[in-house]
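Asks: Each chain, written out:
2 protein chains.
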Amino acid sequence: MRALRARRPHRLPAMAAAAATSLGSGSGSGVLGSGGPRPPVLSGATMNPAVRRVEYAVRGPIVTRALQLEQELRQGVPKPFTEVIKANIGDAHAMGQKPITFLRQVAALCVFPELLQEAAFPEDAKARARRLLAACGGHSAGAYSASPGIEAIRQDVAQFLERRDGVPACPQNIFLATGASDAIVSILKLLVCGEGSGRCGVLVPVPQYPLYSAALAELGAVQLGYLLAEERAWALDVAELRRVLGEGRRRCQPRALCVINPGNPTGQVQSREDIEAVIKFAYEERLFLLADEVYQDNVYAEGAAFHSFKKVLAQLGPPYADTVELASFHSISKGFAGECGFRGGYVEVVNMDPEVQQQLAKLVSVRLCPPVAGQIILDAVVNPPQPGEPSYEGFMAEKRAVLSALAQKAKLTQEIFNRTPGIRCNPVQGAMYAFPRIELPPRALQAAQAQGQAPDMFFCMRLLEETGICVVPGSGFGQKEGTFHFRMTILPPADKLQVLLQKLSAFYTKFVKEFS
Amino acid sequence: MRALRARRPHRLPAMAAAAATSLGSGSGSGVLGSGGPRPPVLSGATMNPAVRRVEYAVRGPIVTRALQLEQELRQGVPKPFTEVIKANIGDAHAMGQKPITFLRQVAALCVFPELLQEAAFPEDAKARARRLLAACGGHSAGAYSASPGIEAIRQDVAQFLERRDGVPACPQNIFLATGASDAIVSILKLLVCGEGSGRCGVLVPVPQYPLYSAALAELGAVQLGYLLAEERAWALDVAELRRVLGEGRRRCQPRALCVINPGNPTGQVQSREDIEAVIKFAYEERLFLLADEVYQDNVYAEGAAFHSFKKVLAQLGPPYADTVELASFHSISKGFAGECGFRGGYVEVVNMDPEVQQQLAKLVSVRLCPPVAGQIILDAVVNPPQPGEPSYEGFMAEKRAVLSALAQKAKLTQEIFNRTPGIRCNPVQGAMYAFPRIELPPRALQAAQAQGQAPDMFFCMRLLEETGICVVPGSGFGQKEGTFHFRMTILPPADKLQVLLQKLSAFYTKFVKEFS
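As given, the protein sequences belong to chains X and F, one line each in that order. Under the UniProt record's numbering, think of the first position of the first sequence as 1, with each following residue one higher. Under the UniProt record's numbering, think of the first position of the second sequence as 1, with each following residue one higher.
These are calculated hints, taken from the structure and not from any lab test. Accuracy of the hints is not assured; some may be wrong.
[Unchecked claim] Result set (PhoX-like, lysine-lysine): computed pairs, CA atoms no more than 25 Å apart in a straight line:
no. : chain 1 : residue 1 : chain 2 : residue 2
1   : X       : LYS399    : X       : LYS98
2   : X       : LYS126    : F       : LYS126
3   : X       : LYS126    : F       : LYS98
[What the hints assert, rightly or not] Only part of the chain X face toward chain F is listed, based on derived beta-carbon distances under 7 Å:
no. : residue
4   : TYR56
5   : GLN223
6   : ARG286
From the three backbone atoms N, C-alpha and C, an ideal C-beta is built for every residue, glycine too.
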């Protein structure tokens with residue numbers, strides 16, 4: 001810290017030059033002289049320490065290095081590879097997945113309504129665009145929407161949920177958001193409070209998607225990590241929840257439990273029985289449930305099926321159905337749409353105290369509204385073409401193609417990994433990632449330590465430098481002590497993915513040999 | 001609080017009904033019986049008190065009531081008006097302003113690139129769309145962008161700033177965001193820390209745009225309000241800054257100073273001299289400067305001109321130019337574009353400590369990226385058609401029409417208000433609002449008190465109920481004690497605005513008579 005405090009901020013030479021040729025009208029009139037350098041008001045030492053504690057591995061140092069390598073390649077620096085493959089993030093379109101035509105037609109019609117006159121656009125897309133524009137202020141996607149989202153879209157989400165679950169859903173319980181991340185942070189903000197041993201504790205899986213750890217660090221809450229059972233395909237274990245909760249109660253006030261299903265980074269799809277057990281546990285222990293269900297359309301394994309927490313909760317009946325407080329999250333970034341860049345998503349709240357719900361409405365109003373273009377794409381996702389409508393066949397074909405390609409790639413990934421001695425990969429039942437376990441030889445651990453790196457970071461950095469493949473070390477998600485993993489998306493096109501997996505396996509084998 | 005604690009949460013009857021007809025597989029297996037009602041985990045009494053403290057008047061109770069009234073009108077409930085006019089928020093398109101064609105053409109081309117084949121779209125829009133798509137992952141607006149925004153757009157913003165200020169700008173200092181609000185909150189998050197008398201204090205104007213008070217409440221910082229001088233057209237007064245800072249130092253650690261120019265809600269445009277004085281004050285007192293410059297294109301008054309803090313800072317020369325830390329904010333929601341729904345904006349940081357800047361980059365990465373469609377509109381705003389390009393004439397004509405209509409409406413608004421005895425309105429030099437002062441008779445104050453309302457809230461609610469005009473009470477922005485104001489946008493179409501102003505003035509006169 002002292003070193004940071006002493007370091008002088010880097011002044012932009014351009015700015016200094018501009019200043020030197022400036023009018024200089026006031027340069028002598030300051031009360032203080034322009035003596036020696038002085039520390040900035042805001043420095044590493046004086047800034048908000050909660051922000052310093054935030055870590056987000058998915059876009060962390062390994063990605064920074066990947067971007068540098070890309071630039072070096074463009075500048076002609078010789079490398080042992082010709083392309084950097086960013087398998088670090090679930091970004092389908094960046095990996096070549098084509099947008100679903102219908103979604104973009106609806107969005108383009110709303111963005112540029114003159115296109116409503118174009119015969120080339122199908123009538124069902126036009127009908128949806130007309131309805132959405134009528135729900136926009138001044139019939140423009142450029143007007144603010146209501147803060148919880150456009151009412152017509154909240155209605156469509158409610159109907160989508162009713163079809164999905166066979167359980168009533170109410171538009172007033174649905175809050176659209178700037179992606180699921182935004183919605184998750186809003187709910188955590190409501191929950192998190194307290195100081196010292198009264199601080200709010202939140203149970204989060206290990207491994208987890210690091211949005212949770214980042215948000216909890218920023219909010220000053222206590223993250224209580226419960227281990228998923230790697231030996232049982234990353235299943236959730238209520239005994240482990242109980243252990244972590246008991247331990248947590250000694251140092252904070254545990255108030256909430258986060259579950260990610262299908263799992264990120266694990267690819268696990270939870271059984272109905274496990275979900276029931278989690279709900280009962282939340283009821284008994286008085287925990288608010290956060291169900292991150294953004295991968296609900298990404299289920300590949302035979303015999304696996306997505307069960308929403310809300311459906312299971314309703315079917316459990318009283319006292320659970322009318323008591324357990326639940327927030328369930330969904331997104332347009334995943335599923336078959338993969339429209340990450342539009343930043344659309346929502347939360348449905350169930351059994352939320354009406355006063356808290358009012359506070360949630362107020363909280364989201366400060367940021368005015370979620371991006372309307374993202375809301376529009378969300379509407380097209382939850383209200384897709386129906387049989388008989390002109391876009392139906394094409395839409396279904398595109399959707400099936402995306403999902404079946406993902407299913408094939410999930411299988412391919414686990415197969416190639418499991419063929420490699422030293423790598424063990426659980427079945428990728430759902431979501432978009434593999435999270436294989438890698439054995440690392442003791443000399444690799446020593447080499448990593450010598451560089452002040454986590455062993456899996458050391459491995460992933462070497463992998464990146466030698467092959468151009470960018471994956472995220474398991475330490476960025478959390479893992480059982482002494483085990484090492486990495487997260488890799490299954491999104492690259494199948495032919496590319498196959499080459500990538502083979503390269504990765506070969507590199508691993510070479511790496512192990514080098515450090516044995 | 002006790003009343004809230006006792007109140008039973010409202011259970012969705014639909015949900016309960018679903019539960020009653022549920023499979024009931026687990027309804028008997030809970031450890032706890034389904035005895036009497038129990039309080040929710042998350043209630044008004046147990047939720048994060050910082051969120052409870054947040055207030056955001058622009059979308060507060062008066063707007064909730066306006067929405068109810070709209071619904072009642074639709075249901076045929078008789079009212080003394082036929083339409084609710086929401087003059088509470090700077091939402092240009094909702095008030096009938098048409099989108100600028102070029103911006104939407106570029107956006108539509110990026111959303112649906114098949115349109116690049118359409119002869120109907122001009123070549124300059126296509127050229128920009130092609131360049132932006134090439135800068136998107138997988139050439140899709142549906143891919144995540146880099147967290148601080150698409151590099152090509154950061155470059156265009158930097159060039160825009162260089163043209164504006166005649167001072168070098170660096171893309172690495174520009175962070176695109178989900179609207180200016182998002183960027184402002186990110187900067188405040190870096191600054192805010194400390195407990196008790198070590199809490200961070202932030203100087204904020206009174207009246208202010210309530211995003212600041214809301215964000216500071218949520219972050220647990222101390223808001224130090226400095227009064228703008230209403231008698232000098234809401235000018236900023238450095239002596240007042242000094243007074244508030246001195247007072248603030250006794251109870252917190254003041255670290256930052258927010259300035260809104262052109263002013264929201266005041267409509268004031270700061271003079272170059274005042275900006276110089278503020279910069280010197282920030283230098284002397286070691287304050288980080290936040291310059292909210294989202295209305296920089298909205299300057300109407302003769303003799304008034306927008307001077308950016310960055311330009312004035314550079315021109316002041318050392319020691320200011322190379323020392324004072326500044327964050328300047330801009331947005332696509334205001335200016336001539338008015339594209340609020342797309343949620344686009346940015347912050348440029350100047351003289352920021354490089355380590356802090358790295359922390360800022362990390363912080364924004366947790367939320368992945370700003371909406372790409374908003375980034376695209378931003379690019380079209382900062383990189384508009386140039387002379388000789390096919391869209392140039394049309395674009396300039398549309399832009400001029402928007403800005404000159406606003407200038408006329410600014411004039412009309414202050415004129416009609418100032419004709420009404422008891423209302424005094426400073427010149428609307430810029431931005432999109434009038435913030436007139438209203439004298440309220442003592443009996444009106446008593447009537448308000450009897451209803452537990454601020455006097456100006458009482459006035460605005462009565463105005464809404466009787467005329468359908470929705471404006472925001474001055475108490476939502478802050479005002480000198482004993483004075484009363486409201487904020488009204490000047491955005492309605494001129495003919496409608498004239499009627500609205502006359503109705504409002506007539507209502508005020510009647511109101512004063514009623515309570516005299």
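Asks: All the hints need checking, so say for each whether the structure fits it.
Replies: Hints, verified against the model:
no., hint, result
1, X/LYS399 with X/LYS98, "holds, 10 Å"
2, X/LYS126 with F/LYS126, "holds, 23 Å"
3, X/LYS126 with F/LYS98, "holds, 20 Å"
4, TYR56, "holds, 5 Å"
5, GLN223, "violated, 14 Å"
6, ARG286, "holds, 5 Å"
Against the hints set out earlier in the document, a violation occurs for number 5 only.
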